[in-house]
Amino acid sequence: MAVAGDADIAVRGDDRRSGRSPARRGRPGGQGGQSRRERANHPGLFLVPAFAVLGIFFFLPTLFNFVYAFTDWSGFKSEIDFVGFKNFRDLTVTGTLFGSLRITLVYALLVAIFQNVFGLALAVLLERDTRLNRFARVCFFIPVVMSALAVGYIFQALLKPDGALNGAVGAVLGTDVTIAWLGDTTWTIVVVALIHAWKWMGLSMLIYLAGLKTMPEDILEAARIDGASAWKAFWAVRFPLLAPAVTFSVATALLGSMNGFDIVQATTEGGPARTTEILNIFIYRTFGQGLFAQATTMSLILFLTVVLLAFPLIRTLRKREEVL
Amino acid sequence: MAARLQPVVVVILVVVLIGVPLWLVVATAGKSQGEALTPDFSLPTEWHLLDNIGEVWDRGRVPAAFAGSMLVMVPAVFGVLVLGSMAAWILARRSSRFFSVLYAGAISGIVLPPAVVTIVLLLRQLGLAGTAVGMIGVYMGIYMSTVVFFVTGFIRTIPTQLEEAARVDGAGPVKVFGRIILPLLRPVLATATILICLYVWNDVFYAFFVIGGRIDTLPLNLFQVASAGLYLNNWHLIFTYVVVMSLPLVVVFVVAQRRIISGITSGAVK
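Residue numbers (the UniProt record's numbering), protein chains in the order written: chain U, 1 to 324; chain A, 1 to 270.
Only chain U is shown next, with the shape it has when bound in the complex (with noise of 0.2 Å):
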């Protein structure tokens, strides 16, 4: 059926081109001769195999966010329930709602901004192709390759408060440091971020390397001709040269963050008093208390908020990438 219905459109397609140019229709063949050409030669049928795969296990589980979210469905009973906006009500009056949305968001936003400063810099640091850069760009990608659950356990031991950054701090102070790095319910979902940022800056990196490397060598002549400083010629030449390293890299942070959980889970399991509970994790853990219902509603609020944020924020990085 599908395999019919794609074919009666692209028909339609072609007339509606054909309509455009007027001369092409006279050709002996036609239109519709070059369609099912087209049709023969790059089959729909090829389209199947992964459309099934996709309607299965991503389409479908995603309508049916749309369903569970006003069930009572949950491990303690066997039948299902419509319970309309119960859940949404009860997730907006204990707070846990908007305040998993606000931090979830903070967190994306801290590691958008870390990882792209963080990446940019040490880009523009080892751009050049000596043999310590490309050593040194080897080893910042490392942490890339590393499981992000193992990147949170290695931090909650450098950051506890008897962990190993306090203790090489105290050594060289001389007194006993027992700062609680990840115990902080305000500033602890900053360092939290940082770790993400650390995590994934080497990707970063690359790209903005990429960015770099591919630019015209002629305009940064010119500007130096000009008498730009280097520090200038950067800001003024080079970096609105990486517009679309930029997009590519800050949409992936953002949206990529959004969908957090392995360094959280690892460095701070959603506390101090669920200051770090991003979506993800509130999730999680409704999901093993058995709360099935309640965590599809959070998991269809985070979809509905990606989605508000991600066409936005695409169309404004790709206008930036215009004006060039």
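For the record, the hints were derived by calculation from the structure and aren't laboratory data.
In this text, a Cβ means the ideal position worked out from N, Cα and C, and glycines have one as well.
Please note that a few of the clues may not be correct.
To be clear about the criterion: a stretch of chain U counts as covered by chain A if any three or more of its residues have a C-beta under 8 Å from a C-beta of chain A, and this derived list gives those stretches [stated by the list, open to error]: (1) 86-98; (2) 101-107; (3) 186-195; (4) 204-216; (5) 219-225; (6) 277-288.
To list a few chain U residues with every Cβ distance to chain A over 10 Å, as calculated [as the list claims (entries may be wrong)]: (7) D72; (8) V117; (9) I314.
One side of the interface only, derived from the structure: several residues of chain A facing chain U at Cβ under 8 Å [said to hold, decoys possible]: (10) Q6; (11) V10; (12) I12; (13) H48; (14) V111; (15) P113; (16) T118; (17) V138; (18) I142; (19) T146; (20) W235; (21) V244; (22) P248; (23) V254; (24) A256.
Following the hints, put chain A in place on chain U, whose structure we already have.
For chain A alone, coordinates are given in the frame of chain U:
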């Protein structure tokens, strides 16, 4: 001035930002339980790395976890690359509005988060809950968009004349795809393979929901080892596990880094 300072800055940054955390891992993995209780940067008085690996091998069920990780990763990555490339070929070559709508749908998963809770419900209904097949399907569903996006962009740079030549010789679509298109996709498929292998190998979030405990995978077992020491942190075991689990990927990466880095950079910015 700046040129002479640059190598010094690079060395300091590498040592502080990368060297220090990795040193903590290796040093702690080499310590006995008593010494590792409060992790610091000191050298172990006596190296216990092999003993620790032996203990983690049993307690963390490393062989089973390695097998489980491979069992899920290999078919998922292979499947998503083949099916994704097939779809990408058609989506790149056909230009009607209907196909651009299909393309938008196919790449929507790059941005949209997977509905992880209702996936569990669906897998139960399909009888796939907790199975490797279910997990493979979920990973394929999540990363299909990435493959379609990268490969479609790449195919658009391949001239159609190559296909036409084969068609004149009487090759059908299957032959054209298998003999002409697929071999040409090698660079972009290499990049996609690396990225998706990384994501699947290291994933713990989706594995929690889909297989939680019924199949061993490396990240799930690392989580178990770490949680088991809730009241008595077994830092020496946690970091030994981190070493065992990360070593295959880090070694593959360091050996093939030049190709991997150039592959990712050419894929990211076009």
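Now for the hints, and whether the structure bears them out:
For the region 86-98 of chain U, the stated coverage by chain A is violated: 0 residues have a C-beta nearer than 8 Å to a C-beta of that chain, whereas at least 3 were required. For the region 101-107 of chain U, the stated coverage by chain A is violated: 0 residues have a C-beta nearer than 8 Å to a C-beta of that chain, whereas at least 3 were required. Figure legend: the region 186-195 of chain U, annotated as covered by chain A; annotation inconsistent (0 residues with Cβ-Cβ distances under 8 Å, at least 3 required). Only when three residues or more bring their CB closer than 8 Å to a CB of chain A does the claim for the region 204-216 of chain U stand; here the count is 7, and the claim holds.
Counting residues of the region 219-225 of chain U whose beta carbon lies closer than 8 Å to any beta carbon of chain A gives 0, which falls short of the minimum of three for the stated coverage. Residue count for the region 277-288 of chain U with a Cβ under 8 Å from a Cβ of chain A: 4. That meets the three needed, and the coverage hint holds. Look at D72 of chain U: its CB is around 14 Å from the nearest CB on chain A, clear of 10 Å, so calling it non-interface holds up. Every CB of chain A is more than 10 Å from the CB of V117 of chain U (nearest about 14 Å), matching its label as outside the interface.
Here I314 of chain U does not stay apart from chain A, with its beta-carbon only about 8 Å from theirs, under the 10 Å limit. Hint status for Q6 of chain A relative to chain U: holds, with the closest Cβ pair at about 7 Å, below 8 Å. A cut of 8 Å between beta carbons decides the hint on V10 of chain A: the least distance to chain U is about 5 Å, and the hint holds. A hinted interface residue such as I12 of chain A counts as satisfied when its beta carbon comes closer than 8 Å to some beta carbon of chain U; here the least separation is about 11 Å, so the hint is violated.
Taking 8 Å as the C-beta cut-off, the interface hint given for H48 of chain A is violated, the closest approach to chain U being about 17 Å. Among the interface hints, the one on V111 of chain A holds; its C-beta lies about 5 Å from the nearest C-beta in chain U, closer than the 8 Å criterion. For P113 of chain A, the shortest C-beta to C-beta distance to chain U is roughly 5 Å, which falls under 8 Å, so the interface hint holds. Interface hint status for T118 of chain A: upheld, as the beta-carbon distance to the closest one in chain U is roughly 4 Å, under 8 Å.
The interface hint given for V138 of chain A holds, since its Cβ lies 5 Å from the closest Cβ of chain U, which is under the 8 Å cut-off. Annotation: interface hint on I142 of chain A holds; nearest CB of chain U at approximately 7 Å, less than 8 Å. Interface hint at T146 of chain A: violated, since its Cβ lies 11 Å from the closest Cβ of chain U, which is beyond the 8 Å cut-off. Using the Cβ-Cβ criterion of 8 Å, the hint placing W235 of chain A at the interface with chain U is satisfied: the shortest such distance is roughly 6 Å.
At its closest, the beta carbon of V244 of chain A sits 10 Å from a beta carbon of chain U; the interface hint therefore is violated under the 8 Å criterion. Interface restraint check: P248 of chain A against chain U, minimum CB-CB distance 10 Å, threshold 8 Å, status violated. Because the closest C-beta pair between V254 of chain A and chain U is about 7 Å apart, less than 8 Å, the hint holds. Interface restraint check: A256 of chain A against chain U, minimum CB-CB distance 11 Å, threshold 8 Å, status violated.
Of the numbered hints listed earlier, those contradicted by the structure are 1, 2, 3, 5, 9, 12, 13, 19, 21, 22, 24.
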